[in-house]
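**Q** Listed below are the residues making up each chain.
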Amino acid sequence: MSEVSSPDGLPIIQPTRDKVNELLDHVDRNADEVVGKVPPHYQEATVQLAAVNSVMAGCAPECFPVVLAALEASLEEQFNLYGALATTHPCWPSVVVNGPIIDEVGFNAGANAYGQGNRANATVGRSLTFIYMNVGGAVPNTGDKATQGGPHKFGLCVAENEAESPWDPLHVERGYDPDQSAVTVVASEAPHNINDHISESAAGIVTTAARSMAVPGTNLAYLNERGEPHLVLSPEHASTIARDGWTKKDVKQFLYDTARIPMYDLKGRGMYDEKGGGWPKRFNNAADHTELPIAESPEKFIVTVTGGAGRQSLFHPSFGDTESVTRTIPE
Amino acid sequence: MSNQTIDERSEAVEILSPYPENTGSGDSVLANRLQSLDGASLALFSNNKLNADHFLNGVGEYMEAHFDTSVTDVIYKNVATSPASDELYETLGEYDAVLVAYGDCGSCSSWTVHDAIQLETAGVPTVVFCSTEFTALAQFEAEKQECPGLPIVEFEHPIADLTPDAVRSKRVTPDICEEAAETLTLPPERLRELYEGRYISDIDHREDVSFGACTI
Numbered sequence: 001m002s003e004v005s006s007p008d009g010l011p012i013i014q015p016t017r018d019k020v021n022e023l024l025d026h027v028d029r030n031a032d033e034v035v036g037k038v039p040p041h042y043q044e045a046t047v048q049l050a051a052v053n054s055v056m057a058g059c060a061p062e063c064f065p066v067v068l069a070a071l072e073a074s075l076e077e078q079f080n081l082y083g084a085l086a087t088t089h090p091c092w093p094s095v096v097v098n099g100p101i102i103d104e105v106g107f108n109a110g111a112n113a114y115g116q117g118n119r120a121n122a123t124v125g126r127s128l129t130f131i132y133m134n135v136g137g138a139v140p141n142t143g144d145k146a147t148q149g150g151p152h153k154f155g156l157c158v159a160e161n162e163a164e165s166p167w168d169p170l171h172v173e174r175g176y177d178p179d180q181s182a183v184t185v186v187a188s189e190a191p192h193n194i195n196d197h198i199s200e201s202a203a204g205i206v207t208t209a210a211r212s213m214a215v216p217g218t219n220l221a222y223l224n225e226r227g228e229p230h231l232v233l234s235p236e237h238a239s240t241i242a243r244d245g246w247t248k249k250d251v252k253q254f255l256y257d258t259a260r261i262p263m264y265d266l267k268g269r270g271m272y273d274e275k276g277g278g279w280p281k282r283f284n285n286a287a288d289h290t291e292l293p294i295a296e297s298p299e300k301f302i303v304t305v306t307g308g309a310g311r312q313s314l315f316h317p318s319f320g321d322t323e324s325v326t327r328t329i330p331e
Numbered sequence: 001m002s003n004q005t006i007d008e009r010s011e012a013v014e015i016l017s018p019y020p021e022n023t024g025s026g027d028s029v030l031a032n033r034l035q036s037l038d039g040a041s042l043a044l045f046s047n048n049k050l051n052a053d054h055f056l057n058g059v060g061e062y063m064e065a066h067f068d069t070s071v072t073d074v075i076y077k078n079v080a081t082s083p084a085s086d087e088l089y090e091t092l093g094e095y096d097a098v099l100v101a102y103g104d105c106g107s108c109s110s111w112t113v114h115d116a117i118q119l120e121t122a123g124v125p126t127v128v129f130c131s132t133e134f135t136a137l138a139q140f141e142a143e144k145q146e147c148p149g150l151p152i153v154e155f156e157h158p159i160a161d162l163t164p165d166a167v168r169s170k171r172v173t174p175d176i177c178e179e180a181a182e183t184l185t186l187p188p189e190r191l192r193e194l195y196e197g198r199y200i201s202d203i204d205h206r207e208d209v210s211f212g213a214c215t216i
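Protein chains in written order, with my numbering: chain A, 1 to 331; chain B, 1 to 216.
Keep in mind the hints are simulated off the structure, nothing from the lab.
Keep in mind that a hint or two might mislead.
To be verified - Each pair of labels, with its calculated beta carbon distance range:
1) A:Ala203 to B:Gly24: 55 to 61 angstroms
2) A:Ser6 to B:Leu194: 35 to 41 angstroms
3) A:Gly204 to B:Gly24: 56 to 62 angstroms
4) B:Asp175 to A:Pro140: 29 to 35 angstroms
Said to hold, decoys possible - With a straight-line Cα cutoff of 20 angstroms, these simulated EDC-like cross-link-like pairs (lysine to aspartate or glutamate) come out:
5) A:Lys37 to B:Asp27
6) A:Lys249 to A:Glu331
7) A:Lys281 to A:Asp265
8) A:Lys275 to A:Asp288
9) A:Lys281 to A:Glu291
10) A:Lys267 to A:Asp288
11) A:Lys37 to A:Glu323
12) A:Lys275 to B:Asp161
13) A:Lys37 to B:Asp73
14) A:Lys275 to B:Asp73
15) A:Lys37 to A:Glu76
16) A:Lys267 to B:Asp161
17) A:Lys267 to A:Glu296
18) A:Lys37 to A:Glu22
19) B:Lys170 to B:Glu146
20) A:Lys275 to B:Asp165
21) A:Lys275 to A:Glu296
22) A:Lys37 to B:Glu146
23) A:Lys267 to A:Glu323
Idealized CB from N, CA, C, for every residue including glycine.
Produce the complete structure using the sequences and hints provided.
**A** Dropping the structure here:
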């Protein structure tokens, strides 16, 4: 065997030692340093192994620190990477980038950020996927038992449109300095569109979002003691909401209060099981018409701003039994 | 223009392996088994998947009817998609052996294997029940986490859309109950002979391919 085969079916860059060294030169880490054990096989990922897989995915050297930070974040215990990679559910670690590195390496936070057309966006997520597959063993139908999977599993990485957001970006909300670069990983499904071309008020737009998020078929409807619903607002929607004086905290509170599903609509569906199985025990005695939230608390909602012109927002349903993790990206 | 031939240029390019080195010891954390089932107390441990308790009660009734054993009421963990608590492992460790059910999806099978490995490591013989679609996943995970030979007893998939009565009558068969009972008394070496590679023998082990630093 002389060449490495592609894990995802698309062509790859062969990881020559020279190319791998170019990535290693961009991080102040020993190549042999163990980043962590990657499930589901719990094999050790060294910095070099991460670099080899990142080269294969087409990752530019300046983006490699983002891959490493995202990998480390996803290996935190509360993220539940073991479950997220092996599950039949179509979740996968999605990556949100914040801070100066967005402009420094050219991530797309604007138009079509979730789509094709930008190397940084396309390859950071792909690098992670390669590491999960080649190191962790999350190979379809053996270590990764997704029933259908989804296109985001080729890799999903976007930047937050901080310049056009009326609020603090995600990493600042989580206690980091605006001048720090950070990455957040969320075990979630591919996003679903939220179209609202006519609402002129904050309540109007967030109600449309809430109604799009509270549906009985997501894991969050049942497995929501830890899960975080992730709302990605377009800059235009965010601007309309902020124009009414709403803070991000107000958006989350409104979502918690209104993104609800009546008990009668959950009974007998999804993962409803009053003995457990992920069904929140706190809901057990709820009357049929009680409206139940899709998260444990308002703080569990993640709200970011990404995208270009247009009155379209997005919703990522979560795996459910997972918590997102934010890590800084060393300069 | 280089004077090197294509072959000479190719040999100068070193390609690195994207796969981890196999650093496992080859040993297994499997616990020693029981001398016999006579007088043994068996814990029925549900991962909280729907009907896992009915499945376990069916197995438990067979055990009590055919062996001189006692079984517990079903002990539940909080949620199938995460590990059990340390307190629960301690509780389960008070019994002679543990029967765990069941793996019938990706994340629940994975965390069920994890729970079983914690118990085996603590010296508690454990059996994992898993549906046919998920035994390969469970076995890969057990073998990569230093528990080759973990007894994974297979039953027909699917199970989630069966009634509790059908779970007992169609999935809890004498064969799987006898197999589970046998795994609790066989020595670990014999379990490795029986279960190592059992469900994954026809699957390509990508990371085991001899690769290293190759040239093109």
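**Q** With the threshold set at 20 angstroms, check whether the alpha-carbon distance from Lys275 of chain A to Asp165 of chain B stays at or below it.
**A** holds, 17 angstroms
**Q** So if I understand the rule, the pair passes when the alpha-carbon distance is 20 angstroms or less; does Lys275 of chain A with Asp288 of chain A pass?
**A** holds, 17 angstroms
**Q** Can you confirm whether the C-alpha distance between Lys170 of chain B and Glu146 of chain B stays at or below 20 angstroms?
**A** violated, 33 angstroms
**Q** Please verify whether Lys37 of chain A and Glu323 of chain A have alpha carbons no more than 20 angstroms apart.
**A** Judged against 20 angstroms, a Cα distance of about 19 angstroms means the pair holds.
**Q** Compare the distance between the alpha carbons of Lys267 of chain A and Glu323 of chain A with 20 angstroms, and conclude whether the hinted pair is satisfied.
**A** Distance of about 26 angstroms is beyond 20 angstroms: violated.
**Q** Quick one, are Lys267 of chain A and Glu296 of chain A close enough, alpha carbons at most 20 angstroms?
**A** holds, 19 angstroms
**Q** So if I understand the rule, the pair passes when the alpha-carbon distance is 20 angstroms or less; does Lys267 of chain A with Asp161 of chain B pass?
**A** Holds: Lys267 of chain A and Asp161 of chain B sit about 15 angstroms apart, inside 20 angstroms.
**Q** Is it true that the C-beta distance of Asp175 of chain B to Pro140 of chain A lies inside 29 to 35 angstroms, as the hint says?
**A** holds, 31 angstroms
**Q** With the threshold set at 20 angstroms, check whether the alpha-carbon distance from Lys281 of chain A to Glu291 of chain A stays at or below it.
**A** holds, 15 angstroms
**Q** Taking 20 angstroms as the top limit, are the C-alpha atoms of Lys37 of chain A and Glu146 of chain B close enough?
**A** holds, 13 angstroms
**Q** Given the hint of 55 to 61 angstroms, is the C-beta distance from Ala203 of chain A to Gly24 of chain B inside that range or not?
**A** holds, 57 angstroms
**Q** Checking one constraint from the list: CA of Lys275 of chain A to CA of Glu296 of chain A, max 20 angstroms. Satisfied?
**A** Judged against 20 angstroms, a Cα distance of about 19 angstroms means the pair holds.
Hint compliance for this structure: hints 6, 13, 18, 19 and 23 are not met, and every other hint is.
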